[in-house]
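Residue numbers (the UniProt record's numbering), protein chains in the order written: chain A, 1 to 687; chain B, 1 to 687.
Since the hints were derived computationally from the structure, they do not count as laboratory data. You may find that some hints are simply not true.
Because identical chains share one entry, a pair is satisfied inside a single copy or across any pair of copies.
Cross-link-like lysine-lysine pairs, in silico, PhoX-like; alpha carbons within 25 Å at most [to be verified]:
(1) K459 x K506
(2) K555 x K286
(3) K686 x K64
(4) K627 x K35
(5) K56 x K686
(6) K336 x K459
Number of protein chains: 2
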Amino acid sequence: MPDFTDTLRPSQPDGPTTLARERGQSDLSVDGLSKHLFPADGFLERQARILHILQKEPLFSKEKQQNLSRVERFKLGLARAKLLRRMTDQHRWDHEDYKMAQYLVDDVSPYFLHMEMFVTTIREQASEEQRAYWMPLIESWKIIGAYAQTELGHGSNVRGLELEARWDSSTKEFILHSPTLTASKWWNGSLGRVANHAIVVAQLFLPKPGSPEQYVSHGPHPFIVQVRDMKSHQPLNGVVIGDIGPKYGYITMDNAYMLFDNFRIPHSAMLCRYSSVDPSSGTYTKPEQPALVYGSLTYVRANIVHHARLVLARAVTVAVRYTAIRRQFQDRDSDKNGPEMSVLDYPTVQIRILPLVATAFALHYTGLSMQNVYRATREDIESGDFRSLAHMHSMSSGLKSLCTMLAADGIETCRRAMGGHGFGGGSGLIQLNNDYLSKPTVEGDNWMITQQVAAYLIKKMTDAVESINTPGTDETDARFKEFIRAKRQAGASQPISLSNDQDIVKSFELRATALAYDAYEQRVLKKQNWNSLLIQLHKLSKAQSQSILVATFFKALSTDQTLSGPTKTVLWDVFRLFALYTMENEGYEFFRCNAVARSSLNALPSRVQGLMARIRPHAVNLVDSWKIPDYLLDSALGRYDGRVYEDLYNRAHRLNPLNRITFNPNYWEEEIVMGTGENGRNILSKL
Amino acid sequence: MPDFTDTLRPSQPDGPTTLARERGQSDLSVDGLSKHLFPADGFLERQARILHILQKEPLFSKEKQQNLSRVERFKLGLARAKLLRRMTDQHRWDHEDYKMAQYLVDDVSPYFLHMEMFVTTIREQASEEQRAYWMPLIESWKIIGAYAQTELGHGSNVRGLELEARWDSSTKEFILHSPTLTASKWWNGSLGRVANHAIVVAQLFLPKPGSPEQYVSHGPHPFIVQVRDMKSHQPLNGVVIGDIGPKYGYITMDNAYMLFDNFRIPHSAMLCRYSSVDPSSGTYTKPEQPALVYGSLTYVRANIVHHARLVLARAVTVAVRYTAIRRQFQDRDSDKNGPEMSVLDYPTVQIRILPLVATAFALHYTGLSMQNVYRATREDIESGDFRSLAHMHSMSSGLKSLCTMLAADGIETCRRAMGGHGFGGGSGLIQLNNDYLSKPTVEGDNWMITQQVAAYLIKKMTDAVESINTPGTDETDARFKEFIRAKRQAGASQPISLSNDQDIVKSFELRATALAYDAYEQRVLKKQNWNSLLIQLHKLSKAQSQSILVATFFKALSTDQTLSGPTKTVLWDVFRLFALYTMENEGYEFFRCNAVARSSLNALPSRVQGLMARIRPHAVNLVDSWKIPDYLLDSALGRYDGRVYEDLYNRAHRLNPLNRITFNPNYWEEEIVMGTGENGRNILSKL
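Isolated chain A (complex conformation) (with noise of 0.2 Å):
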């Protein structure tokens, strides 16, 4: 319905002419930023591609689903999920396009599972035979299949886990079976209300040798089981399924609670490529290799370093773009009638956005890293090589741990930095917030897998004390060992002034170096108990997987050859900010180490707040060259053409169903929308 303020345009200067002006006296170059971030690999032209024909589908439109209820929001999460493949089909996507279309889209599928961890781990862990006959299954979608590891009780001790599947000598059968309430399979994407089949992940129970009527357990082994009727849906008999309910995100994935009644599975079902019972004689035989199985963990992880770059991108693409328009209050010591300024130029503003930028570009070069060792490992391991599997494991676990928290603080940070809007459904923010926050948790909790990066390095540490006179097997074990000779003959190495960018980087690295050292002296030379240290220990691995990053930026920057002039300084810049915006942060545990020189460190915030000064200017254009399309952003705020207050205008004034009811305000009638007779009580049969 027209009225007064279709005409209104926002006060002077708005979005378009700030973001026109910010551009503009910037000689960053976006397009060239852009080819370095995301070189050979289609990722640019497959965003545009899917873009297009998505915007098309109006079932993709995002303008009104922060209003449905959980169930709504369910079937419309599924009936998008079930449309993309459709879509795949006709359009022939392969499966990066499938990818990317479900990254713009920006639904968690209720298909995730059925993709990614029930595939996966029949390619791994089935026999040729159980491959051959599921797969075709799979990839065509005529059955739908989830992963059944977590339960109720356990989630990280996967040993400790309850639900049995015991051998029935007499059948030839498994027999699953819940004994307990925590027994329950819980978490399970996809199970919910989806999938008709499960890797179900349960204690093998065999017949003790010599004594059949006694069971001993083998631990936890995957079964692929159907747990659904094919055409009713409904679940089979002894067997209860659900959705667990809502949760902070993942509104559109049926995480499902699953039980099961002395339920019979036939001996097909276990997958025994690594490890089988013999039917006849009920005989074990275990895997050759234990951490093959463990694979796809470290995968999952590799994957999560590499993704959280794009979700940090989106957050800081939307800050930096709003914050640049937001304007308030004039230069209290000049013109007080002067324009308001943009409050990016307050210092208070940027310490929070402008290091944030500048951790996504170090997020991205560790992610990229990552991935290549995760390649390298691979290939190693297909040739029969397990040594790079220790440190592939402790970089992805540490990287994981910290990469996330990063990311996950970092979206909670922009939000509060962009005052009363950000806290509005305009930001953009609030659907990846939540879906996010599982992140720190999910694949290995973010405090307890550091652990595994301790241990790996406690490891190292003693090895290079125990071959002290050899020279160092690797770049770790070369460090640690001048570490240690340093400390026998000086008693502590010197502090370090940065007074160049390799500086720092070493600086980096001492420190880790020397937390290593610490957390060795305690465990293996004190003998102390190992959960009395978990506090140290993890902050080792913090220092370390830190270190990676900052030792992995610097290498990215030295090495490139495809940037120069002035968006190749403003990288180096960028690089100084998130390094010594991190070790203020850390100060004091530099300090204690002796990584770095008193007078360095003293002058950290004003060397912080200089750098921001300098990247200031460029940060409309640093954050353009992520290329994030204002359909994933779905933001008021970050949109790429600054409209900022007509489109807040617009979600609220034409958009906005509860618009659409006028409500009785007069407590003492029981009517809740005017004229209707509508009360409380048609509400209650929801409660």
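Given the structure of chain A, go ahead and fit chain B onto it with the hints provided.
Chain B only, in chain A's frame:
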């Protein structure tokens, strides 16, 4: 529908067993500590009485509300709010009773602004005649009012508001007009769908004396304006109003936008206790004490400080109870077949939760102190003495910033410490988190308002330097003078060695004083630009506010006569944990300020870990002392009886409406709900 899961129980030891042991192992007196926390103000008695009444009303059931859409949830919120007012009449509740009921129901009431800012503004800024007219209408809820100050383009900078109130001397009316889109009122609670009146803050434009065709702005002023028809509840002609749409939280609040098109209001609309316009001459009278106009802001900030303790107490109640019950892994260094450990026994879980348990107590004592300072200052002001106003304003600003940050971040830290189930809807933290995340922004952005603390302290330091030879006029002045004298004599004060609790307090005060001197030096002596100092000033405010929290906690325990024996002993450890944990996180700043000896700083990690080990056995009793009822917690993880897994399963299996729908998983069929033909097109109408 009964099934085999009805008889299943969690594995042993279950929640009730664990909590019974936790409660039994501590000699801390829960009732003694409760009486100490809530002494004679009747809080606990009122809580029990109101809770008993509320729990009988089905409309207040929280069991399924997470599943509702925004529109449904708003209807529910309005129905509840109306019922609460009817119950107030029926049970003859006083205002404290009503507020308790709201607190327990835990919806942000759509009438909140009517009950707070609307009535407060009338009370404080209306003339006696205006009050006589409006107060009966307000108190009977015959009219419902809101407070419309913030605009789309301006929040913090109130002087930059764009809405105009232009005096028309011919008709003796004001003309409200929104010249731009950014002049739209925005965020104004209770106004989007419910209120029919509002305090509207607009730039007062009056004809220039002598040249009446020219208008001069006299800054923002409040007007009381009817905005909706009393019968149809539609906006009046010339007014556009609506709800701004979904946000992070505040789902039951109708935050508004509102614009005016040359909308005429009578002369009597201007609230004229402090400033007024003479209707015949158009002459302006300005307020005698402009600061008085902002009194209600300080009041609101003081309340936010006081409220923070209950928010954090709620989060730690859930976190402590759940992490005591949750078990994962055996102790790596002991019997691997022994029972799994409570996750609260891991130092890496303790370090996230126990300092927050301590923080809740720190917030409590400072919240009480802030209330006392507010009351004393109001009394001073009523008697015409304005000297304490600046101190109170500074204190409330700094504490609002720090305390809301501690509480908001604390909720999320607790959530992550609870692993997977922390991400679930059974945590009870989702709505708390979503609602509370507004607090770092509202009533003065947490980063912006720290300038007010810094400006106050720089002024105090300047005064101290100028009057160095006269005795201190108050505690701060005396401390500043001592610091200046020591500085002049020795060049620097001696670092403190933290050998007793008083030393800890002194160390915090010394650091805040040193930072205040730095800021004075930069701003007053070196004439640095204010904005260039903002980050430093923010750190100063944080240091000052932390010092207040530590000193107030210390003083409360030192002077307390109500606690004794083990309860008092544990509380002293809780004090030390709060202070030393805070210090460790700011270690380098304390070191740089020479506020603590290096050996003491190096000892902090082990002291903190030792304190946590001492407090750990009392953790459940400590949180029990807050007496937060299960109805308010609404948490499977945090319930008093410890039936965590039974409750999670009940919510999933029996209460989740998604499980009543059977979905069609076949991607080649458009149908979404099995057997009904319902498909994506049915949802399109809501997009």
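Comparing the hints with the structure gives:
Within a single copy, K459 and K506 get their C-alpha atoms as close as 22 Å, which meets the 25 Å cut-off; across copies the closest is 43 Å, which misses it. Taking CA atoms no more than 25 Å apart as the test, K555 paired with K286 passes in neither setting, with 43 Å inside one copy and 64 Å between copies. When the C-alpha separation of K686 and K64 is checked against a cutoff of 25 Å, the pair qualifies both within a copy, at 22 Å, and between copies, at 7 Å. Proximity of K627 and K35 under a CA criterion of 25 Å is satisfied intra-copy only: 10 Å inside one chain copy versus 59 Å between copies.
In this assembly of identical chains, K56 and K686 lie within 25 Å of each other by CA distance solely across copies; the values are 17 Å between and 35 Å within a copy. For the identical chains of this complex, K336 and K459 are inter-copy neighbours only, at 22 Å across copies versus 63 Å inside a copy, given an alpha-carbon limit of 25 Å.
Of the numbered hints given earlier, the model fails hint 2 alone.
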